[in-house]
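Engineer: Residues per chain are reported as follows:
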Amino acid sequence: MSERNSKLVWNVILWIVLLTMPYWMNAVGGYTGLATRVLVLGLAAMSVNFLLGFTGVLSFGHAAYFGLGAYGVGMILKYIAPSTPLGILVGVLVGTLGAAVVGALIVKLRGIYFAMVTIAFGQMFYFIAFRWNTVTGGDDGLNGWRRMPIDLGLGKLDIASSGQIYYYMVLALFAVSVGIMALILRSPFGRTLLAIRENERRARFLGIPVERHIWIAFIISAAFASLAGVLYALLNNFVDPRSLHWTLSGNFVIMAVVGGMRSFWGPLIGAAIFVVLQDYVSSYTQNWMFFIGIFFVLIVLFFPRGVLGIIRRRQS
Amino acid sequence: MTELILFNVFNGLIVGAFYALMALGLSLIINLTSVINFAHGGFLALGAYIAYELAPYLGFWGALILAPVLTAVLGLVVERLMIRRLYGRDPLYSLLLTFGLAYVFEDGLRYIWGAQSLPFKVPDWLMRPLSNYLFFLTGYRVFMVVLVAVAVIGLFLILTRTRLGIRIRAGTLDLETVSVLGVNVRILRNLNFGLGIYLAGLAGVLAAGLLGLQPTMGDALIMPSFVAIIVGGLGSLVGTLLGGLLIGVAAGLATVYVPSASEAIIYLMMAVVLLARPRGLLGEEGMNL
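Chains as they are written, first to last, in my numbering: chain P, 1 to 316; chain L, 1001 to 1289.
The following block holds chain P by itself, in its conformation from the complex (with noise of 0.2 Å):
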């Protein structure tokens, strides 16, 4: 089988699993929630590892985009108007703009300096969120508000009452999100992030704008971090400040390492093995945090390449 062809089995299996999800889920103990919540929480893996893994930039701030649009999006529904579209729209909008400054003051910094940089100022967002009580409902979160049933015209799109039809649409969105990630990753645009992965001063040699690749690659990967907030927040009908935590950053970051940063669809696999893992430990001990701490601990010494990387080196 040539390369190509497997690689497209490959791609027909994983959207055939994705597409039937919620109907095996139960019977393997999970419930419809827990694959909504690897989808989304593997889009946020993909778009960190837009940058790390495509980029070479590591950012340990993404939380603050997906927080701010969970926020974002929860605000609209409360505050504005009960409109799912909109809240999604300002929600992405809200967070893709947080990047667009932040990533402005920090293009220049690289390593782990831009590292420090951007957890530092992922706090920033979260302290925010902690202390405005008034607006943010701070440390007991913003609630009061749900996702509301979309109305398409045709007919109604009826996400809150169905967990399942919820799946569906952000299976949708994911299915666009990733589109539009990979088309990216083809374009010239994409190749010119690899080359500057590769090799940054050869890049600047050849007269490429290093810095205003990054500050846009920090954007598109941030605006895909604010989507999956926007998602994980109308998931729970619930956002808190720990959506903004550099915890949850650092758990992007891992689940991204542990699928397999250099491929694709690793970090989905690394989201999908995370939220299982933590689902399962949690069910048996208040301490799963210990338990988890391990598990990244061991993937780091002993398996750095990830879930996909082992797979592709057995191949190769």
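Source of the hints: derived by calculation from the structure; they are not laboratory data.
Check before you lean on any hint, since a few could be wrong.
[As the list claims (entries may be wrong)] With the Cβ distance kept under 8 Å, some of the chain P side facing chain L (calculated, not the full set): (1) 21; (2) 25; (3) 28; (4) 29; (5) 111; (6) 113; (7) 116; (8) 289; (9) 294.
Glycine included, each C-beta is placed from N, C-alpha and C at the ideal position.
Go by the hints and put chain L onto chain P.
Structural biologist: Structure of chain L alone, referenced to chain P:
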């Protein structure tokens, strides 16, 4: 009003001294090995809990001396067994390793000592206010600032006067050359890590005396420590010290005028510094990590 401002500036100075103590340890480790130690807050909390266990037998002073040393020893072990394997690889991995360790520390401490806050007893004479007018100046607060100052002076003496310290500083600039000159770099990195963790442990014991013990006590300190390093400038320990005190006082002053922004203000300061001077106040030009 003057009293309120004085109180908050002084409080900010104390908080800043904490940030600085923690940030100096982080900075030492980052400068020599490019490892961002997320578990620093975990080590800090561990130091506090060790002191809590030791205090009934050794008293406050014994715990204050011994707990940071024991924490540092654990730091040496962690470096030897785990972090050492990741030098020379993408810094992402050491970052994720310490991130995982931070989870393990926090939940481990919660499992052993519980999530509730535990009190840590400080000698009575330290808890008395120094004067009636400046009622907020309890002996313990002054003592903390003095102790941090002593620790910082001690650190700078080690770094400038001892062979170990001079080698650490040389290694920060060019580890390869230091290695070629016959210094055992493995031991150097190990001891450097231990030194950083010692400072975390010390900060932990001091914080316990002020605020009591909680498994998450390091959490509130680690992010401001990052900000202190960024504001002060990567690669400069004096900058880190300055950055810590600066953001502490800024946060203290913000408490007077806009209490709800006292946390966010330091990130705003960081943004301003990055805009005006991307390498930080005293950062080395072209410091590439």
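Engineer: Hints broken by the structure, by number, lowest first?
Structural biologist: Violated: hints 1, 2, 3 and 4.
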